[in-house]
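J.: Chain by chain, the residues:
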Amino acid sequence: DTGVSQDPRHKITKRGQNVTFRCDPISEHNRLYWYRQTLGQGPEFLTYFQNEAQLEKSRLLSDRFSAERPKGSFSTLEIQRTEQGDSAMYLCASSFGRGDTQYFGPGTRLTVL
Amino acid sequence: AQKITQTQPGMFVQEKEAVTLDCTYDTSDPSYGLFWYKQPSSGEMIFLIYQGSYDQQNATEGRYSLNFQKARKSANLVISASQLGDSAMYFCAMRDHTNTGNQFYFGTGTSLTVIP
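Residue numbers (my numbering), protein chains in the order written: chain D, 194 to 306; chain C, 1092 to 1207.
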């Protein structure tokens, strides 16, 4: 399977804990994106990378959110001191070439108790 | 102002009929892209179609076509010959640019139900 993969698919954590999600993009894609999607809403753009450079991070939701893509391949999204409001689906996408057409992974569903 | 507006929370269509899902957008960037995605109940986002702001012709991909009216800032999705498997949420999205880089916006979606 050469699509975008995300791990874990589901994460349940207690309020105040830190969580980290991983995304592996399609191998030839140089751009990688993170989104959050809450129930009944469209995806909300958080940040994106071109290779290892994080080109846009002004829309990360707070300083508790951070993302890395150290070698320009996989990426991680970390949420520190989780809050119940962080419960959502976290989507990763990757793209290459014309139009920045993004292909999405299956998402990580986070539940904060 | 909303960057992407989808005014139809829910739509119904008879199987084999065509349906149009509305989308309007707002940007001052002359170079932008418009996308439609399908999200079935299983949750994955599936890319359907792309239209660039400088493209002269409306995009088509199989049964999907994008009715791009630049002056009206609308990018409606037309699905022809609806199938039961088309029942899903449909999201319109836009890419534009600011001085901090590319920005991406999604609408709130339209839930399409295909009736047998």
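Think of the hints as simulated: they come from the structure by calculation, not from any bench.
Watch out, some of these pointers could steer you wrong.
What the hints assert, rightly or not - Subject to a maximum C-alpha distance of 20 Å in a straight line, what follows is the list of computed DMTMM-like cross-link-like pairs (lysine to aspartate or glutamate): (1) Lys204(D) <-> Glu1135(C); (2) Lys1161(C) <-> Glu1108(C); (3) Lys1094(C) <-> Glu1108(C); (4) Lys1094(C) <-> Asp293(D); (5) Lys1164(C) <-> Asp1146(C); (6) Lys1161(C) <-> Asp1117(C); (7) Lys250(D) <-> Glu261(D); (8) Lys1161(C) <-> Glu1135(C); (9) Lys264(D) <-> Glu221(D); (10) Lys264(D) <-> Glu276(D); (11) Lys1164(C) <-> Asp1187(C); (12) Lys250(D) <-> Asp1187(C); (13) Lys1094(C) <-> Glu249(D); (14) Lys1094(C) <-> Glu237(D); (15) Lys207(D) <-> Glu276(D).
J.: So, for every hint listed, does it hold in this structure?
T.: Quick rundown of the hints versus the structure:
no., hint, verdict
1, Lys204(D) <-> Glu1135(C), "holds, 17 Å"
2, Lys1161(C) <-> Glu1108(C), "violated, 26 Å"
3, Lys1094(C) <-> Glu1108(C), "violated, 30 Å"
4, Lys1094(C) <-> Asp293(D), "holds, 18 Å"
5, Lys1164(C) <-> Asp1146(C), "holds, 14 Å"
6, Lys1161(C) <-> Asp1117(C), "holds, 11 Å"
7, Lys250(D) <-> Glu261(D), "holds, 11 Å"
8, Lys1161(C) <-> Glu1135(C), "violated, 29 Å"
9, Lys264(D) <-> Glu221(D), "holds, 14 Å"
10, Lys264(D) <-> Glu276(D), "violated, 30 Å"
11, Lys1164(C) <-> Asp1187(C), "holds, 14 Å"
12, Lys250(D) <-> Asp1187(C), "holds, 15 Å"
13, Lys1094(C) <-> Glu249(D), "holds, 18 Å"
14, Lys1094(C) <-> Glu237(D), "holds, 12 Å"
15, Lys207(D) <-> Glu276(D), "holds, 8 Å"
In summary, the numbered hints that this structure violates are 2, 3, 8, 10.
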